[in-house]
Amino acid sequence: MNTIVRFDQTPSWQLIRSSFLTLWRMPAYALPTILFPVGFYVFFGVILNPGLAQWMLATFGTFGVMGTALFAFGVSVSTERSQGWWLLLRAAPTPFAAVLAGKLATVIAFSLMIVLSMAWIAALFAGVRLETGQWLALFAVLIMGAVPFSLVGLALGMWLSPNAAPAVINLIYLPLAILSGLWIPVSQLPGIMQSLAVWLPPYHVAGLALHVTGTQAGPWVQHLSALLVFTMFSAVLAAVAWRRFKGV
Amino acid sequence: MEYAIRATGLVHRYGKQVALHGVDLACAPGKLVALLGPNGAGKTTLVKLLLGVFAPQQGSVQVAGGDPRQRATRQAIGTMLQISGVPENLTVTELADLFASLYPEPLSRMSTLGLAQVDDLARRRFGQLSGGQRQRVLLALALIGQPKLLILDEPGSGLDPASRRALGELIRAQRERGTTVLLCTHDLEEAARLADEVVIVDRGHIIAQGTPRELTRSLPERRVYCRTGLSNADLERLPGFCRVSFTDGSAEILVRDTNAFIQALLTADPALEDLSVAGASLEDAFLTLTGTVNKEPA
Numbered sequence: 000m001n002t003i004v005r006f007d008q009t010p011s012w013q014l015i016r017s018s019f020l021t022l023w024r025m026p027a028y029a030l031p032t033i034l035f036p037v038g039f040y041v042f043f044g045v046i047l048n049p050g051l052a053q054w055m056l057a058t059f060g061t062f063g064v065m066g067t068a069l070f071a072f073g074v075s076v077s078t079e080r081s082q083g084w085w086l087l088l089r090a091a092p093t094p095f096a097a098v099l100a101g102k103l104a105t106v107i108a109f110s111l112m113i114v115l116s117m118a119w120i121a122a123l124f125a126g127v128r129l130e131t132g133q134w135l136a137l138f139a140v141l142i143m144g145a146v147p148f149s150l151v152g153l154a155l156g157m158w159l160s161p162n163a164a165p166a167v168i169n170l171i172y173l174p175l176a177i178l179s180g181l182w183i184p185v186s187q188l189p190g191i192m193q194s195l196a197v198w199l200p201p202y203h204v205a206g207l208a209l210h211v212t213g214t215q216a217g218p219w220v221q222h223l224s225a226l227l228v229f230t231m232f233s234a235v236l237a238a239v240a241w242r243r244f245k246g247v
Numbered sequence: 000m001e002y003a004i005r006a007t008g009l010v011h012r013y014g015k016q017v018a019l020h021g022v023d024l025a026c027a028p029g030k031l032v033a034l035l036g037p038n039g040a041g042k043t044t045l046v047k048l049l050l051g052v053f054a055p056q057q058g059s060v061q062v063a064g065g066d067p068r069q070r071a072t073r074q075a076i077g078t079m080l081q082i083s084g085v086p087e088n089l090t091v092t093e094l095a096d097l098f099a100s101l102y103p104e105p106l107s108r109m110s111t112l113g114l115a116q117v118d119d120l121a122r123r124r125f126g127q128l129s130g131g132q133r134q135r136v137l138l139a140l141a142l143i144g145q146p147k148l149l150i151l152d153e154p155g156s157g158l159d160p161a162s163r164r165a166l167g168e169l170i171r172a173q174r175e176r177g178t179t180v181l182l183c184t185h186d187l188e189e190a191a192r193l194a195d196e197v198v199i200v201d202r203g204h205i206i207a208q209g210t211p212r213e214l215t216r217s218l219p220e221r222r223v224y225c226r227t228g229l230s231n232a233d234l235e236r237l238p239g240f241c242r243v244s245f246t247d248g249s250a251e252i253l254v255r256d257t258n259a260f261i262q263a264l265l266t267a268d269p270a271l272e273d274l275s276v277a278g279a280s281l282e283d284a285f286l287t288l289t290g291t292v293n294k295e296p297a
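Each protein sequence line maps, in turn, to chains D and B. Be aware that the first sequence starts at 0, since it is given in numbering that gives the first Met the number 0, and climbs by one per residue. Be aware that the second sequence starts at 0, since it is given in numbering that gives the first Met the number 0, and climbs by one per residue.
For reference, chain D alone in the conformation it holds in the complex:
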């Protein structure tokens, strides 16, 4: 008896939905991941440096997607793994790849909320004007930029306990953001920090975002290559963490 399964009755959709709702209803996650980057953008990009509003749209956008990816994966994976939810899902006939895909979809949804609110603020209050193609390219770059950070978050979530995860992720997230020039342009950082930035993934996400919006033409081939290498590296890291995980 073959009945047609509605898409909202598929495991993939249900897992996206439950993963999204779990984080959306968790103020400790949803508020900081959305309000901090958007709030910082308003303060630094729109109020303090209106001349840099377009530039900071790219860098704080990167800051936002990076945070939501690291925290969504890192914290929820470590919690769900250590509290037995993953064990129950595994004992049930869950297609486990869909659990991870559901989390990635959640990260993309949160990323879009962050980036679209920043774009709206930029256009409305800071007079940022971009071509339609440039807007779309900006969103595409930032969403793609969320993928490697999701993989890093997954690896951290597999390794860390739920208590350690938020602290460790903050220790990685904030310094990485500053050293990559997301808050202050790299050119205004001390010389030694400038040479460090090219080794950091967020620098290249932001660089690519600046390039596609026509804000600052840059070595986009280099940025893109660096991101591909970083994505492959994080995929290996996540795969190693996954193999160590024996299901409990």
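If you're looking for bench data, these hints aren't it; they were derived computationally from the structure. Just so we're clear, the structure is a prediction, and the values are computed from it rather than from any experiment. Treat each hint with caution, since some may be false.
As the list claims (entries may be wrong) - So these bits of chain D aren't anywhere near chain B, every CB distance computed over 10 Å:
#1 25
#2 34
#3 54
#4 87
#5 100
#6 120
#7 169
Stated by the list, open to error - Rough simulated footprint, nothing fancy, chain D against chain B, three-plus residues with beta-carbon under 8 Å:
#8 16 to 26
#9 85 to 98
#10 164 to 173
To be verified - With the C-beta cut set under 8 Å, the calculated list includes, among others, these residues of chain B facing chain D:
#11 78
#12 80
#13 102
#14 106
#15 109
The C-beta atom is built at its ideal place from N, Cα and C for all residues, glycine as well.
Starting from the structure of chain D, add chain B where the hints point.
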């Protein structure tokens, strides 16, 4: 006959520590089988093997006619685990819809919630529920795929006696509908009340399997009840004595050679009152078989 659960020669090690030493287990379909064992006996490891969470290191597992490592096999199984870690901010309805999506022919949401008597909680978030309500919701999630086999690991742990009993009745009702149930429990009274068959695991071995009656009848022990002025030490000296417990001045004595014991008891305490003798309980069988008898304080 096709078994609902068939495990042969299962060995499982955690590093150097051996959790299961060649376990053989066969459960007929349609029975409620209680899996009993002290903490650390290997029950949870066995459950993880039966659910395909672990691959057998040695030996083989067949459940519901297939390999539990296959998703299709697990679609015929419903399960409750000791710790479930369900996200607390999802509602009962959302959880039911999620689990329904994992099975080919799920029950409707309302009929599943009705089976577990949680239909009135559909809109509540999991985190707002009491312990008994949570366990019933988890039972609903286990039932939603219309399983042929239910594997329940300590479903009643942490519940008050009334909720525990209510949950037991719901589980028994599933057995009446023809579902095979494997119930891991610490609660011997519950096992005796609900189970068609009892399997006792100890230190990684299955040491007994049979109906509760078979297990208790095979024991040489009997229970002797009386009111006596004798002390613990006096009783210990009598022939056939195993152990004693006192409640409200009335003694409950487990003995091995009943005739010799009672003769000696009547000689030692002519003022003895309210003497009666009963067969051993499942608890006695459990304690004797797992060798924990002597550890229990008198």
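### Query
Which earlier hints can't be squared with this structure?
1, 4, 8, 10, 14, 15
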